[in-house]
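Residue numbers (my numbering), protein chains in the order written: chain A, 207 to 495; chain B, -18 to 171.
Derived from the structure by calculation, the hints contain no laboratory data. Since the model is a prediction, treat every value here as computed from it, not as a measurement. Warning: the hint list may mix true and false statements.
What the hints assert, rightly or not - Simulated crosslink set (DSBU-like; lysine-lysine; CA at most 30 Å straight-line):
1) A:LYS294 - B:LYS4
2) A:LYS289 - B:LYS(-13)
3) B:LYS18 - A:LYS252
4) A:LYS311 - A:LYS252
5) B:LYS56 - B:LYS163
6) B:LYS(-13) - A:LYS311
7) A:LYS237 - A:LYS317
Chain by chain, the residues:
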Amino acid sequence: MEIEHLYLFTALIQLISAVNFANIAFDFHTKVFKVFFNVEAIIDHKFHRINNAIVADQESLQQMAPLETTDGRSNRNSIEQLKKKYTKFREQWGNEINEANDSVKGIETIKWFRSFFMLISLYCIFDIALISILSIPNVSYSWAVVLFALNLGVTLFSIVIILKALFQKESIGGHQLARFTLKYFTIIVLISVLIGGINEICVSNQMFIITPKWVEQTFLYLSIIIPFLPCVICSVYTLYQTQKLENRVSDAVSSLQGKQDELHKEKIELDNAYRLFESNTTNDNISFS
Amino acid sequence: MTEYRKAVEYYASNNIDYLFHNKGSAHAQIIFENIFKNAREHIRISALNLWNTEVVRTKEYLEALKLFLDQPKTKLDILVKSMPADEELTEESDNNIYRILYSHPAYLAGRIRIKTGNGKCFKTIEGSEIHFCTADGHMYRYEDDITERTAQCNFNDSDTAKNFETLFDSAFNGVAEDVNLKNIFAQHGN
Chain A
207 MEIEHLYLFT
217 ALIQLISAVN
227 FANIAFDFHT
237 KVFKVFFNVE
247 AIIDHKFHRI
257 NNAIVADQES
267 LQQMAPLETT
277 DGRSNRNSIE
287 QLKKKYTKFR
297 EQWGNEINEA
307 NDSVKGIETI
317 KWFRSFFMLI
327 SLYCIFDIAL
337 ISILSIPNVS
347 YSWAVVLFAL
357 NLGVTLFSIV
367 IILKALFQKE
377 SIGGHQLARF
387 TLKYFTIIVL
397 ISVLIGGINE
407 ICVSNQMFII
417 TPKWVEQTFL
427 YLSIIIPFLP
437 CVICSVYTLY
447 QTQKLENRVS
457 DAVSSLQGKQ
467 DELHKEKIEL
477 DNAYRLFESN
487 TTNDNISFS
Chain B
-18 MTEYRKAVEY
-8 YASNNIDYLF
2 HNKGSAHAQI
12 IFENIFKNAR
22 EHIRISALNL
32 WNTEVVRTKE
42 YLEALKLFLD
52 QPKTKLDILV
62 KSMPADEELT
72 EESDNNIYRI
82 LYSHPAYLAG
92 RIRIKTGNGK
102 CFKTIEGSEI
112 HFCTADGHMY
122 RYEDDITERT
132 AQCNFNDSDT
142 AKNFETLFDS
152 AFNGVAEDVN
162 LKNIFAQHGN
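Please put together the full structure from these sequences, using the hints given.
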């Protein structure tokens, strides 16, 4: 690709710049997350369906009057033991749903992605400006060097921000993020201009550094690729986290459901004693008198 | 209690065969509300006198019962051990169940029938008085301790519900005359 070919992409870069600017204030990854992960359907509905069963059984057990047979046997101990098992299970249920909700919050509150969008938005301004300068006939090649240096600097800084987004756990304020991003972007721009200036001095003193074509092409391609990085990386990251969370919730719900089924079977065994009692009652042992 | 209510509503609206044990007025009210809201054909109630303020004469119980009667062709049969005194029964208040039933179009249409055992009621072989309510041949609430309001209930147990209905119908049909609310209210200037 030659520099001239970059001009064909300026409209696209302008468009994606607008998207990047818009997402500085509105969390793009949260929007993507909400599209693919319906918190209500996946977490609330599944966990609360189990909760309905737990509540019904627990309340029923609380109200269950122990049966005593004429030979002194009673199901009181069985009732009390099952109540304890349910109390412990309810705690487990509570922990699982809290962890699921914490995971959702963790995904939604990653602030470093805003920094990423801010960085690339600012970069896009310089990207389009430099492409415009390079379209001027006979303009100095040093402007291309400025663009290459800017692309390299922004790429490296993007890697830093992505790593911070993925691995930095402590929260950071919006203003702090903005200051951090602006500070290092300004440094990158200044270094890029400096490198361009040094190149101009070298050229005017007949000192040339021959760079392989592929290096030149790569730095040119970056001008088109970098503007799309925040949307692509955020989308990929969010989709990955969404899948991970869905699997996690699915496993937790299966495990809880399995345990609830076991406890419910024990309760049904207790219930059966009452059902026998009732059917005996309704057959011949009730009179209207 | 909110969670219990949600759980009961879930089991009732989904016709799930599940034996609920319940105790006390609050639980009783939730159960009755859900029986009435989910019934579509025929409710049978056997009670002391349907005059208590803790369960029967509450807004939730009465509104749910009215909603049931508002549906066309629904039937309500009530068999009480005794009726409240006429002076109480004809009192003008928003929670007078007999006034509400009498005023409902279903009463004139013959869809509401009230009978009294005149002291007779359902009893177990040990002599304990019991009350129960059934609906549509598959829902029931059976109170075996009328003081503590300890009961069992199921929204989908046809065998037990039909057993209770057979018992009820046998006693109900054995009482010759209906309680004539029209005469009672007319005699007391209503």
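Hints, verified against the model:
1. A:LYS294 - B:LYS4: 23 Å, holds
2. A:LYS289 - B:LYS(-13): 20 Å, holds
3. B:LYS18 - A:LYS252: At roughly 25 Å apart (the allowed maximum being 30 Å), A:LYS252 and B:LYS18 satisfy the hint.
4. A:LYS311 - A:LYS252: 18 Å, holds
5. B:LYS56 - B:LYS163: 18 Å, holds
6. B:LYS(-13) - A:LYS311: 26 Å, holds
7. A:LYS237 - A:LYS317: Distance ~14 Å between A:LYS237 and A:LYS317 Cα, so the pair holds.
The structure is consistent with each of the numbered hints, conforming to all of them.
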